[in-house]
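2 protein chains.
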Amino acid sequence: MTYCLAIQVDHGIAFASDTRSNAGVDYVSSYRKLHRFRTGPDRTIALLSAGSLATTQEVVSIIRKELRSGAEENLDTCSRLFEVASYVGRVSQSVQRAHLAGLGRSGVSGEATFILGGQVRGERPRIFLVYPQGNFIRASEDTPYLQIGESKYGKPVLDRLVVPSLSLDDAIRLSILSLSATIKSNVSVGPPLDLGIYRTDSFQPLVTGRLHATDPYYAKINESWNQALADAFVALPNFRWPVVEDQALESRSVLPPVTPR
Amino acid sequence: MTYCLAIQVDHGIAFASDTRSNAGVDYVSSYRKLHRFRTGPDRTIALLSAGSLATTQEVVSIIRKELRSGAEENLDTCSRLFEVASYVGRVSQSVQRAHLAGLGRSGVSGEATFILGGQVRGERPRIFLVYPQGNFIRASEDTPYLQIGESKYGKPVLDRLVVPSLSLDDAIRLSILSLSATIKSNVSVGPPLDLGIYRTDSFQPLVTGRLHATDPYYAKINESWNQALADAFVALPNFRWPVVEDQALESRSVLPPVTPR
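As you go down the protein sequences, you meet chains A and B in turn.
For the first sequence, my numbering gives the first residue as 4, with consecutive numbering after it.
For the second sequence, my numbering gives the first residue as 4, with consecutive numbering after it.
Okay, chain A solo, but in the shape it has when bound:
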């Protein structure tokens, strides 16, 4: 599996992904899932990819080739980012169609999902989720993030902390926490992490960095977070057991003889 997310804040966009790819538990490898593109000076575009590695690699290769060759439709010809999302969806659908018969015979899915993020001059920065079916949705003010892949483990920390007023540094730290929660709970998502930020109206390529599991910063942020959670947990008040009517046993239970902490 995979876990990628993008957070859209007032100051720009934070991108993050793991790098683990697996075909069964006996073939685990590391692949980049954060893709940048050499577009014109009026736009910055990046993609995060999840799903069939064969499909995502072919989709990214076609998008790069059509951009370089100046195809009739390419990343530079779209005048709005939603048109880029639609274009990515069409390329994804055409790649999936091309392999449908072959994959179908093996009962394997060639589906792929993308997060598209960036800015085209004249618009605010935006993030889109492009479904395997080629349609897409945009993140909103109320839900300023998008996730693809193994998204459930890392969602609670986002839902507790994400707001559009986060700085880009905050958004990257939050992304690392969301990824680290997922990595801790699911071996199909693994380090190193690829991180990237785009600053609103900069129209510069994404600034990217890779965070390895052996990096002292990764250990530090995990230790600090674990310690803070443990401290916060100890400080929480205890549940008060009520004396309740006991439906199942048709009797009244008593206050519990719990062991003090």
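Keep in mind the hints are simulated off the structure, nothing from the lab.
Values in this document were obtained by computation on a predicted structure and should not be read as measured data.
Treat identical chains as interchangeable: a pair holds within one or across any two.
Simulated crosslink set (SDA-like; lysine to any residue; CA at most 20 Å straight-line):
1) Lys-187 <-> Thr-22
2) Lys-68 <-> Thr-42
3) Lys-223 <-> Pro-245
4) Lys-223 <-> Asn-241
5) Lys-223 <-> Trp-244
6) Lys-187 <-> Ser-32
7) Lys-68 <-> Thr-80
8) Lys-187 <-> Val-31
9) Lys-187 <-> Ser-143
Given the coordinates of chain A, work out where chain B should sit on it, guided by the hints.
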């Protein structure tokens, strides 16, 4: 959906479940998923249930009836808790088989999953997960908890904080946090929460309590946790962006002009 969990600590077992049941988003209701039984004085047995409500209700009804009527095999005749797990699995399978043809015609699954917990005199307290197929596993020292239903959202907080040396009060507070994370991120899991504790070697019925969303304690624990997480988050160090070789763009990126927090 549903989310139930049981944590096995040195002092006993904590049980927790949500109460939301739904057949589609337009039929949402509230049902008890934590079940206790009037067993003999040498044992305490409880079940948490997830999956088809029809199946889980029928399974619990049959188990109660066979216990009351003193059937050849019932909760009181098993001399080990793993035999109870096997018995619950067989009842579950027989209920599912009885409705297989009818459900199959509608393309609906009658599968159900259970967590069995308790103690039979002569053994330590134990928790088992009974699969829809009737087989079962036991929690271990290394992973002293079991989850059924919508389990991913609430797993990271368990993986960060659970240890067998937690007190029963700790285990209940942790269960509430795990459930509250799930409730926040997934509308198919909802309050009120049913909570229960069993104290090692007490052989008393579970002490139970219900926690409503309107209870000031529920608001308090959520507020405190959110605030502690926000404080901890602000205190985390920033990721240091490296000056890295830029593979995608074949150029070097510069240190980012990020907005200070």
